[in-house]
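Heads up: the protein sequence lines correspond to chains A and B, in order.
Here the first sequence is numbered in the numbering used here, starting from 1 and rising by one per residue.
Here the second sequence is numbered in the numbering used here, starting from 1 and rising by one per residue.
Just so you know, the hints here were simulated from the structure itself, not pulled from any lab data.
Misleading hints may appear alongside valid ones.
Just so you know, same-sequence chains aren't split out, so a pair can sit in one copy or run between any two.
With a Cα cut of at most 25 Å, we get these calculated SDA-like pairs of lysine to any residue [stated by the list, open to error]: (1) Lys72 - Ser3; (2) Lys72 - Glu50; (3) Lys236 - Gln208; (4) Lys220 - Arg24; (5) Lys220 - Glu50; (6) Lys72 - Phe210; (7) Lys19 - Thr74.
Predicted model, so just to flag it, every value in this text is computed and none were measured.
Protein chains: 2
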Amino acid sequence: MHSFDFQPIGIIHSCYTEKFGIPRQSGLVTAAPVTLELYAPYDRPEALMELRGFSHVWVIFVFHQAMRDEWKPTVRPPRLGGNQRIGVFASRSPFRPNPIGLSAVMLEDIQCDNGHCQLRLRGGDFLDGTPVLDIKPYLPYADALPDACGGFAAQPPHNEMTVVFNELATAQCARWEQAQYPGLRSLIEQVLQADPRPAYRVGRKDKQSFGMRLYDLDVKWVVCGSRIEVTALSLKA
Amino acid sequence: MHSFDFQPIGIIHSCYTEKFGIPRQSGLVTAAPVTLELYAPYDRPEALMELRGFSHVWVIFVFHQAMRDEWKPTVRPPRLGGNQRIGVFASRSPFRPNPIGLSAVMLEDIQCDNGHCQLRLRGGDFLDGTPVLDIKPYLPYADALPDACGGFAAQPPHNEMTVVFNELATAQCARWEQAQYPGLRSLIEQVLQADPRPAYRVGRKDKQSFGMRLYDLDVKWVVCGSRIEVTALSLKA
Chain A
1 MHSFDFQPIG IIHSCYTEKF GIPRQSGLVT AAPVTLELYA PYDRPEALME LRGFSHVWVI
61 FVFHQAMRDE WKPTVRPPRL GGNQRIGVFA SRSPFRPNPI GLSAVMLEDI QCDNGHCQLR
121 LRGGDFLDGT PVLDIKPYLP YADALPDACG GFAAQPPHNE MTVVFNELAT AQCARWEQAQ
181 YPGLRSLIEQ VLQADPRPAY RVGRKDKQSF GMRLYDLDVK WVVCGSRIEV TALSLKA
Chain B
1 MHSFDFQPIG IIHSCYTEKF GIPRQSGLVT AAPVTLELYA PYDRPEALME LRGFSHVWVI
61 FVFHQAMRDE WKPTVRPPRL GGNQRIGVFA SRSPFRPNPI GLSAVMLEDI QCDNGHCQLR
121 LRGGDFLDGT PVLDIKPYLP YADALPDACG GFAAQPPHNE MTVVFNELAT AQCARWEQAQ
181 YPGLRSLIEQ VLQADPRPAY RVGRKDKQSF GMRLYDLDVK WVVCGSRIEV TALSLKA
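Go ahead and model the full structure; you've got the sequences and the hints to work with.
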């Protein structure tokens, strides 16, 4: 059977430097800044002419950390508690026969410098370093089907987590915001409100500790019921 | 630079057996029946479990008749009259650095026979024989952005063509509908209402003749102003 070979046209630079914590769909965490760096020769302003008129774009990318030699016909999506199996083609799981991802994201800006361009995006669910295969304009008349039936994922993930920062984390976050990462607190709040815990740990009554990496930072928090307390931010070792 | 190799998981069987006449986005011609035949080992019922609950799916495919060794940074979309150039990443043109296509289509049915499955779809804009790379469920909460700004393509293509069949074409169409292609007349009407003429021939005042292939049939019509008259249907030589 004929196979097709694709070269990336660019790469994603994202705050999500590890898989744990990445929102489970695009658009859920709008505070997440993403830069799509186009590779030469695709980084020319002409290739992006008239793209500014679109508020959103599709990014087609490779799930580069989900590439496997074997594929499985079923997956257990976190949305269903991680127990129920569904078909891989009924899921947006990264583990699929061709590990191709699809996300609609906000196009915030196009920056061109000396004839080399990059896109500033919002709301992405991309791992840092994600290879990009294509960018397409989002066409509401063809792509927006608000009346479509969404099967087991008809509604956005339910989310009632309350996120607070303790005193130490508040001070640390303020320092990192000023030094390097403006908007860091909103980003952490949005990411944790979406409750990135693995499904099997949701619903447990005991106090649980978690950590995730954002940029080059280790973010620590504890969960108690529906309350999340951020306890520390430190530079990743 | 690392490249990625993808094998098709299936193939499209469509009424569009040549490029001329294919609607310029998915969803515009709902009368177009499409079968997505999954290749083994992807044709197993497990891989499609729970997909029936979704009304629409994304099909990610290869523009197999638009593969070129070279790419151009700009294209001239029919929507802008075929004269104005825009960036290739601001377009849905098949001629792009990686010739990957993306269409949201209605999932009409899943048919499994002896453990081998295929999808019945509606509203596709696929050429017959299109290689399919992935199928994903359409998630309204993440994918439907009805308030997105659609740039130069904010509205569906304007379309005021009136389609009539002359006496000969009416009789021929009725015979083909009965023999092999139920719904053929609606299909031809919808395809021609979308006015598949190349942009440079739209707006001309003289009577113009056209032909396109649907299935294995040659469909002939003449255009006069905003009126299209279907004049003949015959088996393609």
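Regarding Lys72 and Phe210, is the shortest C-alpha distance of 25 Å or less found within a copy, between copies, in both, or in neither?
neither (29 Å within a copy, 48 Å between copies)
From the Cα coordinates, with 25 Å as the cut-off, is the pair Lys236 and Gln208 best called within, between, both, or neither?
within (21 Å within a copy, 69 Å between copies)
Can you give me the call for Lys220 and Arg24, within, between, both or neither, at a CA distance of at most 25 Å?
Within one copy only: 20 Å inside a chain, 49 Å across chains, cut-off 25 Å.
With identical chains treated as interchangeable, where does the CA-CA distance between Lys72 and Glu50 reach 25 Å or less: within a copy, between copies, both, or neither?
The answer is between: 15 Å across copies meets 25 Å, while 41 Å in one copy does not.
One pair to classify: Lys220 and Glu50, alpha carbons no more than 25 Å apart. Within, between, both, or neither?
Neither: 43 Å inside a copy, 36 Å across copies.
For Lys72 and Ser3, with the copy left unspecified, which applies at a CA distance of at most 25 Å: within, between, both, or neither?
both (20 Å within a copy, 23 Å between copies)
Could you figure out if Lys19 and Thr74 sit no more than 25 Å apart (CA to CA) within one copy, between two copies, both or neither?
Within one copy only: 20 Å inside, 36 Å across.
The structure fails hints 5 and 6 (numbered hints given earlier, in ascending order).
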